[in-house]
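> Using the sequences and the accompanying hints, generate a full structural model.
In order, the protein sequence lines correspond to chains A and B.
So in my numbering, spot 84 of the first sequence is number 1172, and the numbers just go up one at a time.
So in my numbering, spot 78 of the second sequence is number 126, and the numbers just go up one at a time.
Source of the hints: derived by calculation from the structure; they are not laboratory data.
Since we're looking at a predicted model, the values are computed, not measured.
Accuracy of the hints is not assured; some may be wrong.
Listed next, the in silico SDA-like pairs over lysine to any residue satisfying Cα-Cα at most 25 Å (straight line) [said to hold, decoys possible]:
hint	chain 1	residue 1	chain 2	residue 2
1	B	Lys159	B	Gly64
2	B	Lys119	A	Phe1133
3	A	Lys1145	B	Asn80
4	A	Lys1099	B	Gly89
Residues of chain A clear of chain B, computed beta-carbon distances all greater than 12 Å [unchecked claim]:
hint	residue
5	Arg1110
6	Ser1115
7	Gly1116
8	Glu1132
9	Ser1150
10	Phe1154
11	Gln1172
12	Leu1192
13	Val1202
Here are the in silico distance ranges between beta carbons for each label pair [to be verified]:
hint	chain 1	residue 1	chain 2	residue 2	range
14	B	Thr104	A	Ser1146	29 to 39 Å
15	B	Ser76	A	Ala1108	34 to 44 Å
16	B	Arg109	A	Lys1145	32 to 42 Å
17	B	Glu63	A	Arg1152	41 to 51 Å
18	B	Ser101	A	Ala1126	31 to 41 Å
19	B	Glu102	A	Thr1201	39 to 49 Å
20	B	Gln70	A	Arg1152	34 to 44 Å
21	B	Lys159	A	Leu1203	34 to 44 Å
22	A	Gly1104	B	Gln120	39 to 49 Å
23	A	Ala1141	B	Gln51	42 to 52 Å
24	A	Asp1106	B	Glu63	44 to 54 Å
25	A	Ala1141	B	Pro160	22 to 32 Å
26	A	Gly1190	B	Gln120	18 to 28 Å
27	B	Thr126	A	Gln1171	41 to 51 Å
The beta carbon of each residue, even a glycine, is placed where N, CA and C say it ideally should be.
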Amino acid sequence: GAGVSQSPRYKVAKRGQDVALRCDPISGHVSLFWYQQALGQGPEFLTYFQNEAQLDKSGLPSDRFFAERPEGSVSTLKIQRTQQEDSAVYLCASSHAGVGTGELFFGEGSRLTVL
Amino acid sequence: KNQVEQSPQSLIILEGKNCTLQCNYTVSPFSNLRWYKQDTGRGPVSLTIMTFSENTKSNGRYTATLDADTKQSSLHITASQLSDSASYICVVSAHNNNDMRFGAGTRLTVKP
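Shown next, in the form of structure tokens:
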């Protein structure tokens, strides 16, 4: 596609459920980032992939959060046993270049609401 | 403590007026600074990216400035339009670091 695509756009989960959020980056983009954005705040870094390698996962808030990018393209962010504090918009971004230098393109985000 | 602080938190201006948004950072060693525009319910869209050696960069009615000595940046919007209503986010990257630090953003509302 022309841009970064995320699905679902909206997800409502009951507390304790597992959720999976998908990101389709721009074709050929090496770098892929996941961010968490609370209401009225700027995005907070979660994790970074270079191709299929997860080079940095220091931002993942707990071991309930897991991300993968097995073939270096599509990525999935999984949240197990969701809690209310997980409610946020989860943004995915990709870049053709290495970290910190290239233009960063964001998806529209997946808004997660945990009841 | 967030390493990128933006001000004001929110701003309301009339259509056609100019405004300036501020970004102060403590991220070090500095690599680059970006300004993004984020419409409500959308992902951020890049406006400018500035490296250490750049003092000013324009993108249409948007002009960003950078003072790497004082670690300050500003985004000036000229002749504002209703479509400029959005959050403007400052993002600072450090060298050899995957972690781009995002400010909380300035929420701009342009009224007719």
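> All the hints need checking, so say for each whether the structure fits it.
Against the structure, the hints:
1. Distance restraint check for Lys159(B) and Gly64(B): the Cα-Cα separation of roughly 9 Å lies within the 25 Å cut-off, and the hinted pair is therefore satisfied.
2. Simply put, Lys119(B) and Phe1133(A) have alpha-carbon atoms about 22 Å apart, close enough for the 25 Å limit, and the pair holds.
3. Our distance criterion of 25 Å between C-alpha atoms is met by Lys1145(A) and Asn80(B), whose separation comes to about 22 Å.
4. As the CA atoms of Lys1099(A) and Gly89(B) are separated by approximately 14 Å, the hinted pair is consistent with the 25 Å bound.
5. For Arg1110(A), the non-interface assignment is confirmed: its Cβ lies about 15 Å from the closest Cβ of chain B, beyond the 12 Å cut-off.
6. Its beta-carbon lying about 18 Å from the closest one in chain B, Ser1115(A) satisfies the requirement of being farther than 12 Å from that chain.
7. Residue placement check: Gly1116(A) keeps its beta carbon more than 12 Å from all beta carbons of chain B (closest about 18 Å).
8. Its beta-carbon lying about 7 Å from the closest one in chain B, Glu1132(A) breaks the requirement of being farther than 12 Å from that chain.
9. With a minimum CB-CB distance of about 18 Å to chain B, Ser1150(A) clears the 12 Å threshold, and the non-interface call stands.
10. Interface exclusion of Phe1154(A) from chain B stands, the closest Cβ pair being 18 Å apart, more than 12 Å.
11. A cut-off of 12 Å between C-beta atoms confirms that Gln1172(A) is not in contact with chain B; the least separation is 21 Å.
12. Not every CB of chain B is more than 12 Å from the CB of Leu1192(A) (nearest about 7 Å), against its label as outside the interface.
13. For Val1202(A), the non-interface assignment is confirmed: its Cβ lies about 19 Å from the closest Cβ of chain B, beyond the 12 Å cut-off.
14. Taken as a hint, the range 29 to 39 Å holds for the pair Thr104(B) and Ser1146(A), whose Cβ atoms sit roughly 33 Å apart.
15. Range check, Ser76(B) to Ala1108(A): about 37 Å between beta-carbon atoms, so the 34 to 44 Å window is met.
16. Distance hint check for Arg109(B) and Lys1145(A): the Cβ-Cβ separation is about 39 Å, which falls inside the suggested range of 32 to 42 Å.
17. One distance hint, 41 to 51 Å for the beta-carbon pair Glu63(B) and Arg1152(A), holds here, with the actual separation near 46 Å.
18. Here the CB-CB span from Ser101(B) to Ala1126(A) is close to 34 Å, well matched to the stated 31 to 41 Å.
19. A beta carbon spacing of about 41 Å between Glu102(B) and Thr1201(A) agrees with the range 39 to 49 Å that was offered as a hint.
20. As the Cβ distance of Gln70(B) to Arg1152(A) is approximately 37 Å, the hint placing it in 34 to 44 Å holds.
21. At about 35 Å, the CB distance of Lys159(B) to Leu1203(A) agrees with the hint of 34 to 44 Å.
22. Roughly 46 Å separates the CB atoms of Gly1104(A) and Gln120(B), a value that falls within the hinted 39 to 49 Å.
23. Our hint of 42 to 52 Å for Ala1141(A) and Gln51(B) is violated, since their Cβ atoms are close to 26 Å apart.
24. The beta-carbon spacing between Asp1106(A) and Glu63(B), approximately 47 Å, falls within the hinted interval of 44 to 54 Å.
25. At about 50 Å, the beta-carbon gap between Ala1141(A) and Pro160(B) misses the expected band of 22 to 32 Å.
26. A beta carbon spacing of about 25 Å between Gly1190(A) and Gln120(B) agrees with the range 18 to 28 Å that was offered as a hint.
27. Between Thr126(B) and Gln1171(A) the CB atoms are about 45 Å apart, so this pair conforms to the stated range of 41 to 51 Å.
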